[in-house]
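Novice: Residues per chain, in single letters:
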Amino acid sequence: MILIWMIGILLAGGILCWLAAQWFPVLAKWIALLTVIADMALACTFFVVYKTFPHSDNSWFIDYQVNWIPSLGISLHLALDGLSIVLLLLTFFLGILAVLCSWNEIKEKTGFYFFNLLWTLAGISGVFVAMDLFLFYFCWEIMLVPMYFLIIIWGDTNRRYAAYKFFIFTQAGSLFLLLAILALYFIHGQQTNNYTFDYFSLLKTVLEPTTEKWIMLGFLIAFVIKLPMIPFHNWLPDAHSEAPTAGSLILAGLLLKTGAYGILRFVLPMFPEAAASIAWWAMLLGVIGIVYGALLAFAQTDLKRLIAYTSVSHMGFVLVGIFSFNEIAMQGVVMQILTHGISTGALFVMAGMLKERLHTRDITKMGGLWTSMPAMGGVAILFTMASSGLPLLGNFIAEFFILLGTFNINTTLSVIASVGLVLSALYSLRMMQQVFMGQPATTTTVKDISARELIIMVALSISIVALGLYPQPVMDTVQHLSFTIHPLLHE
Amino acid sequence: MSSIHAHTVLIVASILFVLGLVGVLTRKNVIFILLSIEIMLNAAGLAFIAAGAKWQQPDGQVMFLFILSMAAAEVSVGLALVLQIHHQHKTLDVEQLKELKD
Amino acid sequence: MQQYLYLIPALPLAGFLALSLAGRRLSANLIAGIGAGSICITAVITILLGIQFLQSPPETGVWQQTLWQWFHISNLSVDISLRVDALSLAFIFIITFIGALIHIYSIAFMRHDRDYARFFASMNLFVCAMLILVMANNLVLLYLGWEGVGLCSYLLIGFWYETPANYKAANKAFVITRIGDTAMIIGLFLLFKELGTLNIADILHLAPEHFATSATGISLIALLLLAGGMGKSAQVPLHTWLPDAMAGPSPVSALIHAATMVTAGVYLIARMHTIFELSPLAMQVTAIIGAITLFTAGCSAMVQTDIKRILAYSTISQIGYMFLALGIGAWSAAIFHFFIHAFFKALLFLAAGAVIESLHHEHNIFKMGGLKNKMPVIYWTFVAGAAALAALPLVTAGFFSKDQILWYAWSAGNGHPVLWAVALCGAFITAFYSTRLIVVVFWGEMKTSISHLPPKTMTIPLIILAFFSITAGWIEWPHNLLHLSLFSEHIQHVLPATILQTHLHGEIFFQLIAAIITLTGIYTGYLLYHLQPEVILQWKQRSALVEIREFFFSGWKFDQLYNNIIVKPFQFITSTNKSDAFDKIYNGIASANLHLNQLFSISQNGSLRWYVVGVLIGILFIITLQLLL
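Chains as they are written, first to last, in the working numbering: chain D, 1 to 491; chain U, 1001 to 1102; chain W, 2001 to 2629.
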């Protein structure tokens, strides 16, 4: 029931924002902030209680189910395990920051903006807890539509193109997902005469190898488009660079993670054999993504586009890690999901702050900003280094685990992926150099970080350092991954 | 009455229909096109009447009444549109009225 | 005492945190106090701990302190854990002691810089990272320190970030060392795959059981670790970043070249000596790379005109000696040379910094001159440093360490006459350019006016360093001269003793040859730059010599080579694909749709009569079909 509340708070908060803004536009952001903080508190409670929860084979911490449309076997089935808790924490953490960084940026239609923001968050948190495939698909779509509005209404100059591209790419993937879900539903129904969308029932479906493969591909394609995997990554740079700051933050920090989550939650446990059969190809595409994304990031001159391509590179690590079916790599994937959300989110927030001040995203028109913005420069160093995988920061732990785990499985691919470390240094330094070093490009004085921005940056910095120095709590929380998610792990 | 064959009536109806069609195709003025459409409707109505008479059923006449009322409605809407078109475009030439193309 | 180990890296870290978080609000005195104070206290603690360690060595030879568990999954368990043994103690001592002197020197040197706090913050972090590197008890923590020094060198080389040359040098340093680091981390993966642990003590313990001597696996691991060491220690072919790295302030160069960063590779190889001993191939490669490096860098140092560039190349060359020593199995000699080198190289850089500062930031040695009487303290300390660098027999510390390497280069188990000959050439070159420096910079006429003399806070560290540059060698004498070998006895708790080839005798002859070569080198320098400068002018007329000089001057054209075979193709590839080739595919699909749309929209021309004809044709078509079928 508490999970319904969790999503309900966001949905209600969104409507409230919209209504309140009709009369008091300022009220909308406060309502939005309080709503997300309330959910963050809830997620923290889950985390703390989960730590003391006796771990048995049944690692489902909360399991809640009521009928929704019983005639079709659809129920409101929400459940929570360690993986979901960690992802919910990330969702609400970045959610709070997203609200904070839109504080002054959004001046038009504030109410509708926060409505969309909160509903996207609701969709995302729904995705992380839904254990009914129909409900999952429902939430999967819910998070897209408000995101589309965020881009197309509050985006930058080229926002229409970006929003259409985003929508078409993800919808195309969703179509395959829907077909695959329906196919699974009918096959399971025919076998057991029990037509249901329930995750745990469908988990037990026995499938012919060929059918399994096709259904698996249907699921996978939706998830890898979201992830994104080369060659389905093209929506990402456009959507990220045109979206408003909070939009980019949520896209990079959370939306991409739903893809990874989907693979972890659905593809591997439901279709282990089929997943194993394509593992090599998936890893190859992941490695290509790492290298290709980094090469493209190096060439970009648009700051947000550059950061967007680094996401392509970093999410390649996720793909490699997932399909290496190795316990260490799997932990690395979860760490990468978290740390990439934080570090790339921070870079996008920073790009937003720079844009607010300089009214451009073109790094060739920046330069020498360290002099006028010493604090921002310091933070920028921290997060560019995080992005290039410097130890002490969380990203290193993630990439180290993934590469270490993969090395035992496929040495060649792991070595090629390690080249990504050099390339990541190249693009990170180039970004740092163009923006903060050199002679100041403008004579106008640029204000350093304000108190509100400082709060955002400090929160992000502390979390990335904490994850780098003491990642064990997270790793303990998702310990069960290796037991429940994948039977192949221990073969 | 019965001396007239249903066959003959249908031929008349066909001729009327073709006349109307030719009118629709050749006329440029919207009003004439509307008139031609009326002729085509009447041709259809005539065919219904003939068919109803042949099988001694009231359905044909019911349909004719239906067509009549529909034609009346259509003409009233159509003429209103024609008036608006004339008002806005100062022309009733269909060759020049291509706004709906895109 | 071992429960206080954490203080050693923690104090510089605290200094860094304080300065980076609150630095802009503090007064300059407070900044200097925190920045230099933290390192000085660390140095004192280190010395106290060191005395304790030497007086009552722990039974295992190791002090260890586990702070917390970093992470633990399946069979991988890594702690944040510090470990001190004889080897790391030597490194910690140098890092903190010389680091402290450099910090004290910087108080006055950087006084008027806008970013005083940022400077000390980065310096403190640098020392902290290096301390973590040498104190790590596992390779992951070592890698943390390893990358940490990379980051700090980046921050400090690019400290004056407004000048393009500086940030380019910083980027170059970071990227080239990152290449080595990547090789190293692959080595770590391989180690973990083979041995299932990353704990240093366990690795050293398990490796001989797990691997046969010169097995492929162990050679691969050793070579990968070596590549990491080559990146950080600026060995050919990954050395090109170091000459440019002098773009940073002089104290930074001193810190990079003497106490931190470049010695990391030496440390890594010494630390992992068991692995290298199992792979004769890797040992040979190390020795050969060391020999090549010491020679090529020495040649480049001979012809440079920028005082800091000369010193930079000399560092590369001296680290080459250390690699050579490591490669031939003269472990203790390598560490001893590191120990001595740290003193005189820090001294030379700091003194050079003082000279540059006094001469309106003039770097070119041929625009200096005549400083002997104007700046006597700087002159005499510089002479002490240069003499140590040149390895002037018996009176300088450099002689004792370098002579050991030269002797072992032939006589050690892995030694070879060719290696010895190259090292001897290097010794000649070193002596030559050391003399050149002294003569050109301090003798002759004044060419640039002196703006101000360095204050006491800058000269006192120089005097202390000069003292050690002369005397530090006396703790380790060649066996045939005096039986005093404190250093190697200390180090031999950790590193194996050097195995000598049995049939070789007459160490004294080797020493004499080395001494004569050194003195010849010094005399040649004196001859060419002081007695008969016209000889050089004559040489400058000869195109072949000028070309060779150009070749040496450009660092054997490594930069141009990399530029042509790596940098330019890379830039070409990335810039051609800037707009992402995959986008073309999707845009192609989109435009194909657009074309189809245009094709179909021809039929919708807005003409009512066309539509009616269309309807008519459709009806006729259907009716015809009906009739036909």
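The set of hints was computed from the structure by calculation and includes no laboratory data. All of these numbers come straight from a predicted model, not from anything done at the bench. Certain hints may be false.
As the list claims (entries may be wrong) - Chain D regions said to be covered by chain W (calculated; three or more residues, Cβ under 8 angstroms):
| id | segment |
| --- | --- |
| 1 | 177-183 |
| 2 | 192-206 |
| 3 | 250-257 |
| 4 | 345-351 |
| 5 | 367-376 |
As the list claims (entries may be wrong) - The list that follows gives simulated cross-link-like pairs (lysine-lysine, BS3-like), each with its CA atoms no further than 30 angstroms apart:
| id | chain 1 | residue 1 | chain 2 | residue 2 |
| --- | --- | --- | --- | --- |
| 6 | D | K365 | W | K2372 |
| 7 | W | K2578 | D | K365 |
| 8 | W | K2168 | D | K365 |
| 9 | D | K355 | W | K2578 |
| 10 | W | K2447 | D | K355 |
| 11 | W | K2168 | W | K2568 |
| 12 | W | K2584 | D | K365 |
| 13 | W | K2168 | D | K447 |
| 14 | W | K2168 | D | K355 |
| 15 | U | K1054 | U | K1098 |
We put the CB at the ideal spot given by N, CA and C, even for glycine.
Novice: If a hint holds in the structure, say so; if it doesn't, say that too.
Specialist: Verification of the supplied hints:
1. 177-183: That given contact is violated, which follows from only 0 residues of the segment 177-183 of chain D lying within Cβ reach (below 8 angstroms) of chain W.
2. 192-206: Since three or more residues must qualify, the claim that chain W covers the segment 192-206 of chain D is violated, with 0 doing so at under 8 angstroms.
3. 250-257: violated (count 0)
4. 345-351: violated (count 0)
5. 367-376: Three-residue rule met by the segment 367-376 of chain D, so holds; n is 4.
6. D/K365 with W/K2372: The given pair, whose Cα atoms are some 49 angstroms apart, is violated under the 30 angstroms limit.
7. W/K2578 with D/K365: Holds: W/K2578 and D/K365 sit about 18 angstroms apart, inside 30 angstroms.
8. W/K2168 with D/K365: 18 angstroms, holds
9. D/K355 with W/K2578: 22 angstroms, holds
10. W/K2447 with D/K355: 50 angstroms, violated
11. W/K2168 with W/K2568: Within the cut-off at roughly 15 angstroms; holds.
12. W/K2584 with D/K365: Holds, at about 27 angstroms.
13. W/K2168 with D/K447: 27 angstroms, holds
14. W/K2168 with D/K355: Within the cut-off at roughly 25 angstroms; holds.
15. U/K1054 with U/K1098: At roughly 44 angstroms apart (the allowed maximum being 30 angstroms), U/K1098 and U/K1054 break the hint.
Comparing the model with each earlier hint shows violations of hints 1, 2, 3, 4, 6, 10, 15; every other hint is respected.
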